[in-house]
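Every letter in the sequence shown is one number past the one before it in our numbering, and letter 362, counting from 1, is 362.
Since the hints were derived computationally from the structure, they do not count as laboratory data. One thing to keep in mind: the hints can contain errors.
Claimed, not checked - In silico DSSO-like cross-links for lysine-lysine, where the CA-CA straight-line distance does not exceed 30 Å:
no., residue 1, residue 2
1, K589, K644
2, K260, K233
3, K611, K539
4, K173, K253
5, K258, K298
6, K106, K77
7, K589, K510
8, K608, K589
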Amino acid sequence: MKIRLLLLFIFWLGTTFGQHNTNPDSLKKIVASMPDDSMKVKKINNISMFYLSTGRYDDAEASIKQGLELSEKVNYKKGIAGAYNYRGIICDDKGQMAMALENYFKALKIFEEINHYGGQSDCCNNIGIIYLNQMQLDKALLYFQRSERFAELSKKRFILDNCVNNMGTVYLKKKDFKNALLYYQRAYELRKEFGYTEGCIESLNNLGNLYLVMQDTAEAITTYKEAVDLSIKEKNEKSIAISQYALGYILLKSNFTKGKLLIEEALQIAERINLSEIKRDANHELSDIYLKLKDTNKSYMHYKRFIAARDSFFNEENTKKSVRLEMNYLFEKKEAATTAEQEKKAVVTELESRKQRVVLVLVSFVLILVFVFAVFAYRSNLQKQKTNIELADKNQKIEQAYQVIEVRNKEVLDSIHYAKRIQHALITSDGYLSEHLQDYFIFHKPKDIVSGDFYWASQKENWFYFISADCTGHGVPGAFMSLLNISFLNEAIHATTLTKPNEILGFVRKLIIESLKTDGSEEGGKDGMDCVLCAYNFKENKLLASCSNNPLLIIRNKELLEIKPDKFPVGKHDRDAEPFTLKEISLQKGDIVYTFTDGYADQFGGPKGKKFKYKQLKVTLLDIHHKTMAEQNAILKDTFDSWKKDLEQIDDVLITGIRV
């Protein structure tokens, strides 16, 4: 949904390649013979832009360096700024966000000095993209608005569409659908005006996605069809795959055969051009499709391909490399500063030492009559120096040990933060929940960086499954158990014919016990989870639920109904041969279904430092249930923080609410 203004440089840096000689490698020979002036810089920057747009980063960096050095030599500020902006784009593509921002701001400062509006617009757009990727939406919107203003001042309307399109994406993420639609449509009209076909395809896909989120299925279908037709006309395989998958996904409800065919064709293209996201999503959808068609072999085949594509998507080497590069950069920068400070101290110490020796020699010559005393003083000074050296050596060893501990601690924290990204990727996204639930909230407050409490959802036929769970432990051990349990739940729901929550929990329990029986403990793996698994059929207003150690609450007409849980976990237990109980509830409009783990009720706090307790939690939910779900979420958070105050949070906290 976001495009950098790469092509803009063709217009503001100078003339483009000649139509009869577009090979940058041959143009380098021509550039080598040109005199050192601004025209030569423009040619070099054009070559850099070509390398950059085709992904030849090593060549691009070398060309950018050449252009920067020549620009500085001839004092061509526009060329200097352009080189910094190019460097920022390379760093951004590699995931080195800190270095990208540093280069973008250097370029922006120079463009401001020379009042170059087109360059300022480009830099602001690129900075906005970084903030957008980091979900700093207000900052992103501010820079996209600045980019739009500078584009207008430059009187070059052909550079407006990208920042306008990106503002639409910000509003979409803010769930301000009215403004998102306004800016997406404006970007589309601009691109039609300029004849920018590839941009038109992107805009149509953006609009189709927005209509889908807004539940305007008819407009979504019409828009995606237009995107497919235009992509086919332009022979843009990537756009064809994206548009056909989206259209096929929507058509599954109204024209199942056509939808299935479009998804299969999109998958063929994605496999041919290695489009990882479409491979992942299309295989997942086809697995469900063939399961409905009772073709279990094809369903299982696509499910395995989905797992492989998903794992590849989240574990691509370039992501790891990006994180390592940025962390190395920050560490090396800090280390260089520390080394410089140490060298400065060493110089001061050396000067002081020389001064002492000079004074000692002068005293020896002048006070010859007190030679004996001078010798004694000299020996004392030597001993002092020896002692200082020994102390300095000890201090250095202590400092080195501290630095080793600090580095290792940072490596551990980096690994935990990376684990957090993986856990967040597997926990059901807010976007997915919004597609299936009309009104809900999730209050999730991990005790540590990663959490043993998790929530997860999935759709199968007419049933929407939602689970809130508390795995054994918290922090890293709890997070590992949550990933294992999510995997088992996914297998139980999508790789079997099971539909009832009690059967699904029974199946997951067997997988947990079997997987952990050889974990090395004497008990043979007593880890597992306490949970509430709900299966909603919103068409029939029916709820099926099974509860393991955690209850289910329903508030209806200001009255609280409690579904008692089975008093054993999903895991190894003295009662693990007993089946889980199935509860069937007829829902009414306005019912609110609450699930929670024990972290909220067990938190110590209040005036006497006691537990919050379940009774007080139920009273709180009764007091606030008439408010909006967003307000309930905020009240629960404020109540928890006020109760806990300065005390330590003792466990992960999870409360969910779904209004029917």
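- Sort out whether K77 lies within 30 Å of K106, counting only the CA atoms. 11 Å, holds
- Task: Would you mind confirming whether the straight-line C-alpha gap from K589 to K644 stays at or under 30 Å?
- Result: 35 Å, violated
- Decide if the proposed pair is consistent with the structure: K260 and K233, CA atoms, cutoff 30 Å inclusive. Answer holds: K260 to K233 is near 22 Å, not above 30 Å.
- Message: Can you confirm whether the C-alpha distance between K611 and K539 stays at or below 30 Å?
- Response: Since the Cα atoms of K611 and K539 sit roughly 40 Å apart, the hinted pair is violated (cutoff 30 Å).
- Query: Hey, K608 versus K589, does the alpha-carbon distance stay inside 30 Å?
  - Reply: Outside the cut-off at roughly 40 Å; violated.
- Query: Holds or violated: are the alpha carbons of K258 and K298 at most 30 Å from each other?
  - Reply: 18 Å, holds
- Satisfaction of hint between K510 and K589, Cα-Cα up to 30 Å: 36 Å, violated
- Message: K173 and K253 were given as a pair; does the straight-line alpha-carbon distance stay at or below 30 Å?
- Response: 26 Å, holds
When the structure is compared with the earlier hints, violations turn up for hints 1, 3, 7, 8 and for no others.
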